[in-house]
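Novice: Using the sequences and the accompanying hints, generate a full structural model.
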Amino acid sequence: MSELQDTARRLLDEGAAQVVIGWEAGRRGARPAFVTDAAGCDRLIFDARCVHDLATFLNPRRSQVADLGRAAVVVKGCDAKAVAGLLREAQLARDQVVLIGVRCGGVAAGPEGPEPPALTADTVAARCHGCDVREPASVDVLVGEPQPEPPVAATLDERVAALDALSPAERLAFWTTELSRCTQCYACRQACPLCYCERCVVEKTEPQWVETSPHARGNFAWHLTRAQHLAGRCVGCGECERACPVGIPLGLINRKLQQVVYELYGYTVSDDPAVPAPIGAYAVDDTQDFIR
Amino acid sequence: MSRIGVFICHCGENIARTVDCGAVADALRDHPGVTVATDYKYMCSDPGQQLIKKAIEDNALTGVVVCACSPHMHEKTFRRAAAQAGLNPFVVEMANIREHCSWIHDDREQATAKAIDTARTIVEKVKHNRPLQTIRIPVTRRALVIGGGIAGIQAALDIADGGHEVVLVEKDPSIGGHMSQLSETFPTLDCSQCILTPRMVEAYQHPRIKLYTWSEVEKVDGYIGNFSVTIRKKARSVDEDLCNGCGDCQAACPSRRIASEFDAGLSRRTAIYTPFPQAVPNIPVLDREHCTLFKGRRKGLAKDACGTCKETCLKGAIDYDGEDTFVTEEVGAIVVATGFQLYDIGREQPEGLKGYGEYGYGDVPDVIDGLQFERLASASGPAGGKMRRPSDGAEPKTVVFVKCVGSRDPEKGMSYCSKICCMYTAKHTMLYKHKVPDGRAVVFYMDIRAAGKGYDEFSRRAIEEDGAEYIRGRVSRIFRDGDKVKVWGYDTLSNRQVVVDADMVVLATAVRPQPGIAELAQKLSVSYDQDGFLNEAHPKLRPVETNTAGIYLAGACQAPRDIPESVAMAGATAAKVLGLFSADELERDPSVALVNERTCSGCFNCERVCPYGAIERRDVCDMEGHVCGHVAYVNPGVCQGCGTCVAVCPSKSVELAGFTDDQVYAEINALAGW
Amino acid sequence: MNGRAADSGHDRAADGVATQSAAPRRVLLLTHDGLATLVEELATADAAAVAPAWAGGAGRAAGAPGAPRETEYRAVTGAAELAFGGRLPRLSLKQFFLPPTEVLFTWRRTAGDVELTAAPTDVPARVVLGARPCDAAALPIVDRVMNWDYADELWNARRAATTVFSLACGVEDESCFCSAVFLEPAATRGSDGSLTPVDGGYLVETFSDKGEAFVAAHADRFAEPPAGAAGDELRAQAEAFRAAARERVAANLRLDHDRVRDWLEHHFDDPFWATLGPRCNGCGVCSSVCPTCHCFDIVDEPESVGHGVRRRNWDTCQACVFTLHASGHNPRADQNARYRQRVEHKFLVYPTRFGDVLCTGCGRCSRACPTGQDLSEVLAAIDGLSRSGAGPDTGGAGRSHGAEGAAS
Amino acid sequence: MSEAAITDRDRAIFEPRITAFVCNWCTYTGADLAGTSRLPMASNVRIIRLPCTGRIDHLFVVKAFERGADGVIVSGCHPADCHYTAGNYHARRRFGVFRELLSFLGVDPRRLTFSWVSASEGAKWADVVNETVARVRELGPFDTYHRLADASAADGDPFAALEAAAPGAAPQAAGNDAALEATVGRSAR
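Protein chains in written order, with the working numbering: chain A, 1 to 292; chain B, 293 to 966; chain C, 967 to 1374; chain D, 1375 to 1563.
Note that these hints are calculated values from the structure, not bench results.
The structure displayed is predicted, hence computed values, not measured ones.
A virtual CB, placed ideally from N, CA and C, is assigned to each residue, including glycine.
Be careful, since some hints might not be right.
A short list of chain C residues far from chain A (calculated; beta carbon distances all over 10 Å) [claimed, not checked]:
1) Ala1009
2) Arg1056
3) Ala1084
4) Arg1110
5) Glu1140
6) His1232
7) Arg1245
8) Cys1249
9) Glu1267
10) Ala1299
11) Ser1332
12) Arg1333
13) Gln1339
Taking beta-carbon pairs under 10 Å as the criterion, some of the chain C residues facing chain A (in silico) [what the hints assert, rightly or not]:
14) Gln1284
15) Arg1330
16) Ala1334
17) Cys1335
Quick list of simulated restraints, FRET-style, between CB atoms [as the list claims (entries may be wrong)]:
18) A/Ala137 <-> B/Val619: 23 to 33 Å
19) C/Arg1035 <-> B/Arg422: 53 to 63 Å
20) B/Leu886 <-> A/Arg292: 28 to 38 Å
21) C/Ala1189 <-> A/Glu158: 30 to 40 Å
22) C/Arg1035 <-> A/Asp42: 32 to 42 Å
23) C/Ala1046 <-> A/Glu263: 24 to 34 Å
24) A/Ser138 <-> B/Gly917: 26 to 36 Å
Specialist: Laid out in structure tokens, this is it:
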């Protein structure tokens, strides 16, 4: 902890950054913090409650964050993947940001609680299962002790498999029920580190491809589009699902697409910006057994 | 408010037989935004077109839908007609109710229903069609040709003769390329230099050809019609204007032990040199790598170690202090004719190739490659055209020729066929037998590929008249054995091992693209295949064009090519270039992509997928003028209108004119509740 | 003005004294069994019953690990679904009066003419059982907006058709602050009747004709409370429950509304706002879950050529596009301005016009915020700033970001 | 409400509606050839012409279903034949993913046909059309999707939903609890 705070303090003192984006303990639990002075660094924490993907705040369109000046951001492995995504897609230049990597032993499902919960198969976030970047590379500073493997959670894959086992009609019924609750508040989009568009496609009115009315038809169009746009980009941080006020299991859709791009194109989202995304690239011998 | 005219064609009976055209007209008349809907026997006929023109004028139509045959058949016709009536041709669309309806359905009711749907769909589309103007791009009517081999020379001459200036860039001291090294050419056995030299001189003296030898392309900016090319003129150390090519400097130069590139290492040259007597231009270059003076300077000697050539030169043309210089040329088209190199199969192998150490090439002096044999056989060659082997200058009595060395060998070499080896090996055996009538010419081959006019006859002649011994099989090992070169091979026809005690071995090594081709391709944003050959735009229909508009391919940079093919390609590229230069402006179909810079997020998915490199990055500046972001810009001169960028734009900030989201949405919407 | 009718005289006095529960017209007893039967018979009858029920959803419905399952208001068909005494429902009652999306009218174009069909306003009678007092209280607060310069038929029709019985609240957690916005855990504002847990069931009180009518229509399910000591005992239990809750919530937040309003009025450009915006995702979850946020968007959706539907959908001032002009100019340029808008609308703009606040202290926005923005914390900070009389140059300026820093 | 329930509707009167998105250079021309060769085929397909499969957005498919299509065809040039050299390769990747996504959300992939039909394959186009029509006829109308908007004519208002008793309306929200315990198991994170 003090290592993290000292690093933050040093970066601010040296002027390497004007704001450190990390986590603090709020009344209801951990939450993002924006520290602009050395004193404030004491507030910085990192524990199992620090679930937020802070890469979200690097979206160049978040001017209220940019106004704070050059940022140093604390990143877990999954956050580092999101940063790589922003670099890959020219939303950020590497020299614009200082990355403080934290060694991560997994986080809880949510930030709530006065104390970090002990990580068990029941409390650990599903996204931590099979995490391949527990120690973010390509950061400027790496802090914290090496962490143990997180406990094996109820894996998303099992739940995806359960849905795959249903008939299309059953899946349609399942998702109709889930998506009927959607109010198209777009909290999922706003919480996503890679949904950075200047103008989201749902906000394009000529023509209005995606109906903004939260009836099941509009909701299907929205969630199909959100997922398709994230295919091969989603880092699986799970923020969309956590942000959803009506509990739609978006993680299932994202996980499914992660499986698909891996099975079809052998691609897994990398924290190396040099690795190109699968959509926008192609191989002459790509699978096409679905094409007649 | 749209005022659309719908014109239903009977196409005689072709449509009317199965589609109730009257019913279609009635249905469309009630469709929102339709002002007139009429049917007629032959819309494409003159009266039919008159009918449409009159309707446009009488009703001030804002759009026209012709329900008839395929747009591929008559779209141009009707757009032209509409234009004559003062309507923008791009608000005219066709609904295909013949090929896609009347000709494939018998049920009149179903066919008519489908025809109505199709018409409605297109009407809805046309409501969103915008008038478009043909794109005109100014064209700089000058061409750049990269590479001064036979292909480059031919392309340059054809374009220059066509009346346009050509900039010809050659990396070597002289133009001529590989062809100048050859002794005779198949299938006619005429002297290579005799036919090439005049062309070289013609190019050199041509009033419209600007020649840069000892130069390379450094940078290429711009796009079709408007390229700006930076050329690096390597320091020649000899003033091209002062030098008269007397050759005194070469005679005087003390360092004389440098392997001659022109003679493929079989002879020696001086440090200041012209590669060969007929060099064009006949102006030497100073090889600073091997020059005593420059070696000294590199060592940091206080005083120059040599200076003989400068002292010798009466014209004072020698300049030791000249550096590389850069010139920029504005051109409208580029022909790439960088040619090939032979696969150097020696032990040292770059880029992870395995090579063929077992063939002793590079170790055994009497094991040579095809180009070296050309020099041996050439009258202007190191042996004056007499058949002498490199090691001891003795006349080889038995010569083994091995074909497909490195070709058609995915394991160790190239998977492709180098194409020219069958013919030149046959030629080699003939040249040899003509010089050494009592000698043996033994050829190891996999297949004999002699397609081409007079080619098979030629190779048969080598076997039947000149008595070359062809053995079908591979060679496993070649090694020195006393003053002999032992060749272990296998005859797969008689299924036995063959051992030949040869005096000399000639390897037909694979044809490969020039080194540095990848770098050049990147400068030109032209794609290349896994072997490094540059990609043509379409293997059948656009064989000499590339995906970058305005850049064309001639000769062996695209694939192994022999002389006639290279010359033919050169002529083809010239025809393309002259076509492009036939007007000051290039006209292009206006259905190109356009970026909405206000909503573009600058993720550049479009850039990643554009097959034509039409996407450029543009800075966005804040009010103080500081760059605060980047957006995509589509160069309308380069865009071909495929729309792939539109589909990958997450925020739908790219539109493709003629197929906008509005138009497609309207079409889909029109199908609701059919 | 059906809507207003439901607000049976509970408008808080302008003097800023917290609204107390009104005197009940009738006091009855509803046993657990009675409730179960009532729910079932309502389900079979035309009048549907909405009540807090265990939330559906495969997503992160369960909230924090180990936390009790979330609940939602929904039409219930059996007692098993009831989640009385469960957590605060995910969304407020708002959705039953201002649905996330609703049809305003459909249009169909016939040769030369356009035919409009307005959405029906004949809403069938319905009852809400066990509404949280903070949700019930939101209805009369929004009534004012919906009947201010224009009477919103759809809202009013749903209000008129609905009888609301609230359930005395035991207080959810530290984010509750109803007592700081003129309410209390057992507030009866906006309720036609109320339920308060007692041994064996609920003490039922009615406050309006609708409430009266409902208990009359289902008289068999309600019993007169026992006379004498037993009855007093029940009343005592109810009062004890209310008192305990009142005490629990009072600790969470105290506000001087006049001072807060004054500070907001004079600190539009205060640096304080720049300490809140950076954390905000601009997702508007706060508005979605808020019982009093009522902004909507109107869209036309084509169904085919010449045929379509005009709909009204929830909107939020937290979204960038909410104020984006066609020109590209956006008067609320960043999240600082947008978060300020939310606070000012609730605690300055609405109060100035209606002498009240646009907030019932349910705390949903604090609980639902993915980035831990905490309204009660922000209000406390503003209260502190107003107390310290901090001018625009202090109060969080250049200090550590986040309300805490600003408040310290 | 399951699709099976709906497809009980008498198939004899069900004529599938298929929307086809095809590229201009190969499939559209192939369809022209089918015409000039007078190859009879089902009349249930409506063609929308685009320059290249690379231009075809997943939203086209979604909108087609929204507007009443029972099936969709996406067809273009064979690999290496693309008029624009790579548009079909990019489309192949995007639709490779989107097909899986649709299927995961419950759209039966048999309602989608992807095909390469070259300008010389008029007969193949006829086959693609006839097979797709037959397959979709077998699956029945896609009313479950077409009705999604009415489904929440409920408008998120459970009362209305009770009346409409339409699929997906809020009252069924509890439904997924059961569905979930049964299928997806543990409560999600």
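Novice: Now, for every hint given, state plainly whether the structure supports it.
Specialist: Quick rundown of the hints versus the structure:
no.: 1; hint: Ala1009; verdict: holds (19 Å)
no.: 2; hint: Arg1056; verdict: violated (6 Å)
no.: 3; hint: Ala1084; verdict: holds (17 Å)
no.: 4; hint: Arg1110; verdict: holds (24 Å)
no.: 5; hint: Glu1140; verdict: violated (6 Å)
no.: 6; hint: His1232; verdict: holds (22 Å)
no.: 7; hint: Arg1245; verdict: violated (5 Å)
no.: 8; hint: Cys1249; verdict: violated (4 Å)
no.: 9; hint: Glu1267; verdict: violated (6 Å)
no.: 10; hint: Ala1299; verdict: violated (7 Å)
no.: 11; hint: Ser1332; verdict: violated (7 Å)
no.: 12; hint: Arg1333; verdict: violated (7 Å)
no.: 13; hint: Gln1339; verdict: violated (8 Å)
no.: 14; hint: Gln1284; verdict: holds (9 Å)
no.: 15; hint: Arg1330; verdict: holds (9 Å)
no.: 16; hint: Ala1334; verdict: holds (5 Å)
no.: 17; hint: Cys1335; verdict: holds (8 Å)
no.: 18; hint: A/Ala137 <-> B/Val619: 23 to 33 Å; verdict: violated (45 Å)
no.: 19; hint: C/Arg1035 <-> B/Arg422: 53 to 63 Å; verdict: holds (55 Å)
no.: 20; hint: B/Leu886 <-> A/Arg292: 28 to 38 Å; verdict: holds (34 Å)
no.: 21; hint: C/Ala1189 <-> A/Glu158: 30 to 40 Å; verdict: violated (50 Å)
no.: 22; hint: C/Arg1035 <-> A/Asp42: 32 to 42 Å; verdict: holds (37 Å)
no.: 23; hint: C/Ala1046 <-> A/Glu263: 24 to 34 Å; verdict: violated (42 Å)
no.: 24; hint: A/Ser138 <-> B/Gly917: 26 to 36 Å; verdict: holds (32 Å)
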